[in-house]
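**Student:** So the chains spell out like this:
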Amino acid sequence: MKELYLDPHQARRRQPTPFEDLLGDSIERGYAAGIEDLAAMVAHLNRTGPNCPENEGIWTEQNFQEAMARLSA
Amino acid sequence: MRTSPNDPVDAVLAEGLKNLWYPICPSEFVGERPVSLRRLGRKFVFWRDQTTGKLHALEDHCPHRGAPLSMGIALGDRIACGYHGVQVRADGVVTSVPGSPGCKLEGAKATRSFHVTEAAGAIFLYNSSENVDTPPPLVLPEELTNDQEYSSFLCYTEWGGDYRYVIDNVMDPMHGTFLHKQSHSMAEGDATATFGVRETDTGFVFEKEGQRGVNFDWTEWADTGIHWMRLAIPYPKTGGPGGSFTIIGSYTPIVPNVAAVFHWRVRKLVPGWQRDTWRFLYRNRLEARHWAVLEQDRVVLELMEPDANQREILYQHDMGIVRLRRHVRKLAQAQLDEQEEKAA
Chain A
1 MKELYLDPHQ
11 ARRRQPTPFE
21 DLLGDSIERG
31 YAAGIEDLAA
41 MVAHLNRTGP
51 NCPENEGIWT
61 EQNFQEAMAR
71 LSA
Chain B
1 MRTSPNDPVD
11 AVLAEGLKNL
21 WYPICPSEFV
31 GERPVSLRRL
41 GRKFVFWRDQ
51 TTGKLHALED
61 HCPHRGAPLS
71 MGIALGDRIA
81 CGYHGVQVRA
91 DGVVTSVPGS
101 PGCKLEGAKA
111 TRSFHVTEAA
121 GAIFLYNSSE
131 NVDTPPPLVL
141 PEELTNDQEY
151 SSFLCYTEWG
161 GDYRYVIDNV
171 MDPMHGTFLH
181 KQSHSMAEGD
191 ATATFGVRET
201 DTGFVFEKEG
211 QRGVNFDWTE
221 WADTGIHWMR
231 LAIPYPKTGG
241 PGGSFTIIGS
251 YTPIVPNVAA
261 VFHWRVRKLV
271 PGWQRDTWRF
281 LYRNRLEARH
291 WAVLEQDRVV
301 LELMEPDANQ
311 REILYQHDMG
321 IVRLRRHVRK
331 LAQAQLDEQE
341 EKAA
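Chain order of the listed sequences is A and B.
Take the first sequence: its letter number 49 is residue 49 in UniProt numbering, and every next letter is one higher.
Take the second sequence: its letter number 161 is residue 161 in UniProt numbering, and every next letter is one higher.
Be careful, since some hints might not be right.
What the hints assert, rightly or not - Have a look at the derived ranges for each label pair, beta carbon to beta carbon:
#	chain 1	residue 1	chain 2	residue 2	range
1	A	N51	B	A308	48 to 56 Å
2	B	A67	A	E36	57 to 65 Å
3	A	N51	B	Q316	53 to 61 Å
4	A	A40	B	V132	52 to 60 Å
5	B	T134	A	D37	47 to 55 Å
Everything labelled a hint here was simulated from the structure, so no lab data went into it.
Even for Gly, the Cβ is constructed at its ideal location relative to N, Cα and C.
If we strip away everything but chain A, and leave its shape as in the complex, we get (with noise of 0.2 Å):
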């Protein structure tokens, strides 16, 4: 029988880019002090970074939905 099947990233096509750690650290940094809405995490995000890698380096509400609409997809 062949090997079986045990494979620990199946929702992941890639590696993540060091950005998208950074990214993920500072979302759950946010989460933990119970930010839960949109405006908290965007000030949040530009408090803290990552930096936003385009506008300059800032976080819109518009610009964080769009970034994790396109890492969601």
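Put chain B on the given structure of chain A with help from the hints.
**Tutor:** Using the frame of chain A, we list chain B on its own:
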């Protein structure tokens, strides 16, 4: 798991009950090339129609000499055996015998055919005891069908243990407090608990009394024409909004002591940035954490001796397991009785 050779009920359960839907594999495992998979006591061939993408399943056995059809060539809704070119349609009818045109095999429904469908990223097969024209509908829990309220990822693994041990493990919430003590989500909760059983329309819930939303506190078993299980584990605050992390499980025997293990990991989140963010975090880091927890289960289960189920001393926490085993034995007995009646 050791199957008692003289126990016909056990033998039925070892291969999986008939006339139920079972998950087979993730959707992406099957393309236009025929794929052979052992499941449920037989070998199946799956392939997709090149033009329509429609999924087909037959027993992987040419009716002529028994060569694997999966070695053949897919021709839309038919497959031509690689051995002698015998063509079998997806409904099991032989449409052509090139070596002996007009022979009685042509036109015969000579191969077992099976109904297949796809949902929630997986291929499901109706394990009918004999060929049926129309299978009952595949009814999955709402977490897997209501895209407006829920989002999910399928985690598929193959474990070196009997699928019934996997079911026992899920019907045993208390192991969360011990086995998964070192995990990102199950460090809380009392080490002792009293359990109770609550009936549902489709099965039952086995749950800790007086503790909910703390650890792995309850398991539901359901029969909706497919057997599935449901449980919820609280996410740590870092998991963001969306409440507990729900898991839907369904388990299919591959061969004795090898199980196909399906876990859909679900979050109750309407479309929008919170759902997208959970999906991003899942891919980026949560999946790895969930995997580490699941591996704890696999290691214990694979290290259990095959006869572990013959030498048990159960206690109150195992009431759910006892109840479920009794129930599925009844179902297996009913299938045996039906077979006997038909034979008589």
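**Student:** The structure should be examined with respect to each hint, and the outcome stated for every one.
**Tutor:** Results for each hint:
no.: 1; hint: A:N51 <-> B:A308: 48 to 56 Å; verdict: 55 Å, holds
no.: 2; hint: B:A67 <-> A:E36: 57 to 65 Å; verdict: 60 Å, holds
no.: 3; hint: A:N51 <-> B:Q316: 53 to 61 Å; verdict: 55 Å, holds
no.: 4; hint: A:A40 <-> B:V132: 52 to 60 Å; verdict: 55 Å, holds
no.: 5; hint: B:T134 <-> A:D37: 47 to 55 Å; verdict: 49 Å, holds
Every hint, counting from the list given before, is met by this structure.
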